[in-house]
Amino acid sequence: MRILVPTPLRQYAGKQSAIDVQAATVGEALHALTSSYPDLRKHLYSDEGKLRAFVNLYLNDEDIRYLQQDRTAVKEGDTLSIVPSIAGGSR
Amino acid sequence: MAGLAEKVTSLSNEEILRYSRHLIMPEVGMEGQLKLKQARVLCIGAGGLGSPLALYLGAAGVGILGIVDFDVVDFTNLQRQVIHGTSDVGRKKLDSAADTLREINPNIEIRKFETRLTSANALELFREFDIIIDGTDNFPTRYLVNDACVLTGKPNVYGSIFRFEGQASVFATKEGPCYRCLYPEPPPPGLVPSCAEGGVLGILPGLVGVIQATETIKLILGSGEPLIGRLLLVDALSMRFRELKLRKNPDCLVCGTHPTVTELIDYNQFCGIRGEESAPPTSMTDITVEELKKRLDRGDDLFVLDVREPHEYQICNIGGYLIPLNDLPKRVSELDSSREIVVHCKMGGRSAKAADFLRQSGFTKVHNLTGGINAWAERVDPKVPKY
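Which chain is which? The protein sequence lines are X and A, in order.
When we follow the numbering used here, the leftmost residue of the first sequence carries the number 1, and every step to the right adds one.
When we follow the numbering used here, the leftmost residue of the second sequence carries the number 1, and every step to the right adds one.
It is worth saying that the hints were derived from the structure and are not from the lab.
Heads up, a few of these hints could be off.
Listing some non-contacts, in silico: residues in chain X with all C-beta distances to chain A over 10 Å [as the list claims (entries may be wrong)]:
no. : residue
1   : Val21
2   : Tyr45
3   : Arg52
4   : Asp61
5   : Asp78
Facing chain X, a subset of chain A residues (Cβ under 7 Å, in silico) [stated by the list, open to error]:
no. : residue
6   : Asp137
7   : Tyr183
8   : Pro187
9   : Leu244
Footprint (simulated), chain A over chain X, 3 or more residues, beta carbon under 8 Å [as the list claims (entries may be wrong)]:
no. : stretch
10  : 2–9
11  : 62–76
12  : 79–85
Beta carbons are placed, not taken as given, at the ideal position from N, Cα and C, and that holds for glycine.
Could you build all of it, start to finish, from the sequences and the hints given here?
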């Protein structure tokens, strides 16, 4: 499956916008991602290991909070989008 | 919008000619154009997003256009804030925007609010308007706009940008989710770079701002499918538009079934910001540009470390040794901890973080250059360009 990395986080993912991983669940996919790019970890998870409240994860177009969170099954061809909040607009 | 329909019943002949391309289209027509004329829309910010969206809303004939802004036009704004021109540099954005809008469409009423939107004034300001457009640039104001929209029952037409990526949606309608349903909490300060730090492709606020204007016009007309319950993601580099599903969160603190946020709160505190946002802490270890110049001139042994990005170094530099902030942890061995180090970036924010990191790594003689290379350009060497 493919993980889409947003602009603000690309600097921690080898400047890549998309990363392919092998995984059966969302949790496994994220584990594979943060194992390859450990710098991403603190941007995705709090010190207690919880997914940060300003980072959302979408499996295809659905928020994983409304699926089975980390345990949501994934299949070949799925896309996991990391969508952090951004605030720019005026200055 | 409803309830005011009686107030404006006709268009002048000049207006009929002006809006001809709307009027001959059944989706707008005379009825729609009158709705636009009766509409009262408030834009928060006359910057990157506010500029293009106000231009189009003004041209489209939105009857009352309010603008909240307290900023002054700066040269670095002109690359994207197209409502302002070169001769407007130094003027209030409100005055510059109002002049441009009056030139485009003298039939509209422009209401200027020269103030920072705060918890004390937001509800009062929103009362006079039907639709609120969020064109701000910081998290505290975005949460404030959202909560005030939920509390007053006004739709929040949202847009946000970073570098070449943008987001847009319509929040806080009766049936739809709000910004807090999407992001219950803001990121802690410092984890997400601002536009001033991260840059923004000039066309991007144009793209996203015009999407916000489109959504506003659809809400006024009551036609089409508004971006309610959908988050539109725009990537200008790959030119891909994606859409994600948003749901109203029943546990949302402001719009859920048992809200705990029933009045406006202190949003700076909520976002973990004390005092003025992004003001770098000053301390004994800071050094001013004048002091640095004096010490370099008298031949002191100072190692100047530049923690900006390579593309910024190409714009201008003062001969510092370049290690971008993010590379510092893995390249720290390139530095000699016995030497006195002066760290600088563009404005002093990133170098403060770098200096903190170096101190934690055992460096004892580290100074942060306050104001960064921009202060150097302004106060020491005018040949160095500011950016």
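So, going through the hints one by one against the coordinates:
1. Val21: Nearest chain A Cβ is 19 Å from valine 21 of chain X, so the label holds.
2. Tyr45: For tyrosine 45 of chain X, whose nearest Cβ neighbour in chain A is about 12 Å away, the distance exceeds 10 Å, so it holds.
3. Arg52: Violated: least Cβ distance 7 Å, not greater than 10 Å.
4. Asp61: With a cut-off of 10 Å, aspartate 61 of chain X comes too close to chain A, as the shortest Cβ separation is near 5 Å.
5. Asp78: Given a closest Cβ separation of 14 Å, the condition holds.
6. Asp137: This interface hint holds because 4 Å falls under the 7 Å limit.
7. Tyr183: holds (4 Å)
8. Pro187: Where the cut-off is 7 Å and the nearest Cβ of chain X is about 4 Å from proline 187 of chain A, the hint holds.
9. Leu244: Given a least distance of 5 Å, the restraint on leucine 244 of chain A holds.
10. 2–9: holds (count 3)
11. 62–76: holds (count 3)
12. 79–85: holds (count 4)
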